[in-house]
Amino acid sequence: MAQQEPEELLEMSSDTWDILEEHNLQPLWEIEDDMGNALEDPEAEIWRWEDMQEAIDAIERDVPISELPPGFQRRVAVPINTAHAISNTIYVGVQTVSPGETAPSHRHGANALRFTIDGHEDMKTVVAGEEFPMKDNDLITTPQWEWHDHVNESDETAAWLDVLDLPLVLDSLNAKNTFEYHELERQPVTKSQGYWASQYGRGRAQEDLQGDDIPGPFDGIREPTPPYRFQWANMVESLEQRADNNDPNPHDGYSLSYVNPATGEPPLFPTMSFRAQLMQEDTDPHFHNMTEVFFVIEGEGITHVGDEALEWSKWDTFIVPPDEIHHHEPHGEATLLAITDRPVFEAFNLYAEAEPSS
Numbered sequence: 001m002a003q004q005e006p007e008e009l010l011e012m013s014s015d016t017w018d019i020l021e022e023h024n025l026q027p028l029w030e031i032e033d034d035m036g037n038a039l040e041d042p043e044a045e046i047w048r049w050e051d052m053q054e055a056i057d058a059i060e061r062d063v064p065i066s067e068l069p070p071g072f073q074r075r076v077a078v079p080i081n082t083a084h085a086i087s088n089t090i091y092v093g094v095q096t097v098s099p100g101e102t103a104p105s106h107r108h109g110a111n112a113l114r115f116t117i118d119g120h121e122d123m124k125t126v127v128a129g130e131e132f133p134m135k136d137n138d139l140i141t142t143p144q145w146e147w148h149d150h151v152n153e154s155d156e157t158a159a160w161l162d163v164l165d166l167p168l169v170l171d172s173l174n175a176k177n178t179f180e181y182h183e184l185e186r187q188p189v190t191k192s193q194g195y196w197a198s199q200y201g202r203g204r205a206q207e208d209l210q211g212d213d214i215p216g217p218f219d220g221i222r223e224p225t226p227p228y229r230f231q232w233a234n235m236v237e238s239l240e241q242r243a244d245n246n247d248p249n250p251h252d253g254y255s256l257s258y259v260n261p262a263t264g265e266p267p268l269f270p271t272m273s274f275r276a277q278l279m280q281e282d283t284d285p286h287f288h289n290m291t292e293v294f295f296v297i298e299g300e301g302i303t304h305v306g307d308e309a310l311e312w313s314k315w316d317t318f319i320v321p322p323d324e325i326h327h328h329e330p331h332g333e334a335t336l337l338a339i340t341d342r343p344v345f346e347a348f349n350l351y352a353e354a355e356p357s358s
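The sequence shown begins at 1 in the UniProt record's numbering and counts up by one.
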């Protein structure tokens, strides 16, 4: 008798599978076999929050984290555009942790972050020994090879956006995502809250300037990204100040990049950049050879991508593929999180951006 694979032992209802298929979503553990293969070109597409919410609620009802297969003990609904990810370079998923649950500690070679959708001060991501509260719209880095687990000590389910460079590593580079589980379900908390921000957001210890132990063991020409929590209250204040004192960028409105706290400069990761953008009026058309994924923090509007008109509202996710002429039309004021693979192109002097010639 053939031994069943771990994912075959999971029991999800036919209704849940129907919801996922209808909305072009897959659970994380189901896309494992497709990873490591080149993807087709991504297309302009949108995933609406009401559909995503229906899917993640159904998965949460059916599957406790403790029953997920080893290596995939994260309850995630993944938007599918090209076979098994949202693009050739960027992976996006919506993860949930129910009250009292822990997503076990592990680490991997891929860069990752969490952008909180529906959070709580008692929902924490633990990275490199520090507990980071996950309040709405907070962005928390999970650098390469740092232990991380997710612990929900609140009485409400928490949801957030997972963003990783997995497709770049597995598909485009045809490389391995080095992975390891911690011997404990929850890593020991060895740092007080605010430790990493105090060391990188305000000052740097002299010995850290001479060493390079964050995160490791990977080497390169870029300064490593430290564990860090960007609190939304600070970012939105900066956006509003910019809107009060500056002219908008013609393509992005009032836009601020998340910087690597170790350098004070973008990109946040060597492979991915992130920015918050506040839009109060229509933007001008342009195109570029990077992929852009947008998450709607607040507001509603339309983004025109080639011949497509993507109508979006709060917590929707959509993609602008490379080389497509596009522009945004917010209905009133809107705030977006933009996710791009621009650093990959810039590393090889291949990034290109222009406005239409006519």
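Heads up, a few of these hints could be off.
[Said to hold, decoys possible] Per label pair, the in silico range of CB-to-CB distance:
#: 1; residue 1: F218; residue 2: S66; range: 41 to 49 Å
#: 2; residue 1: I302; residue 2: Q241; range: 36 to 44 Å
#: 3; residue 1: D18; residue 2: D323; range: 29 to 37 Å
#: 4; residue 1: A352; residue 2: D155; range: 45 to 53 Å
#: 5; residue 1: D284; residue 2: S14; range: 41 to 49 Å
#: 6; residue 1: N24; residue 2: A175; range: 42 to 50 Å
#: 7; residue 1: E223; residue 2: D284; range: 31 to 39 Å
#: 8; residue 1: D15; residue 2: E281; range: 36 to 44 Å
Read the hints as simulated data drawn from the structure, not as lab findings. C-beta atoms are modelled at their ideal positions from N, C-alpha and C, and glycine is treated no differently.
Verification of the hints:
For the pair F218 and S66, the supplied restraint of 41 to 49 Å is violated, since their beta-carbon distance comes to about 31 Å. Between I302 and Q241 the beta carbons are some 27 Å apart, a value that contradicts the proposed interval 36 to 44 Å. A hinted range of 29 to 37 Å for the beta carbons of D18 and D323 is consistent with their spacing of about 35 Å. For the hinted restraint 45 to 53 Å between A352 and D155, the CB-CB distance of approximately 50 Å keeps it satisfied.
Roughly 47 Å separates the CB atoms of D284 and S14, a value that falls within the hinted 41 to 49 Å. About 27 Å separates the C-beta atoms of N24 and A175, a value inconsistent with the hinted range of 42 to 50 Å. For E223 and D284, the hinted distance range of 31 to 39 Å is satisfied, since their beta carbons lie about 33 Å from each other. Our hint of 36 to 44 Å for D15 and E281 holds, since their Cβ atoms are close to 43 Å apart.
In the structure shown, a violation is registered for the earlier hints numbered 1, 2 and 6, in ascending order.
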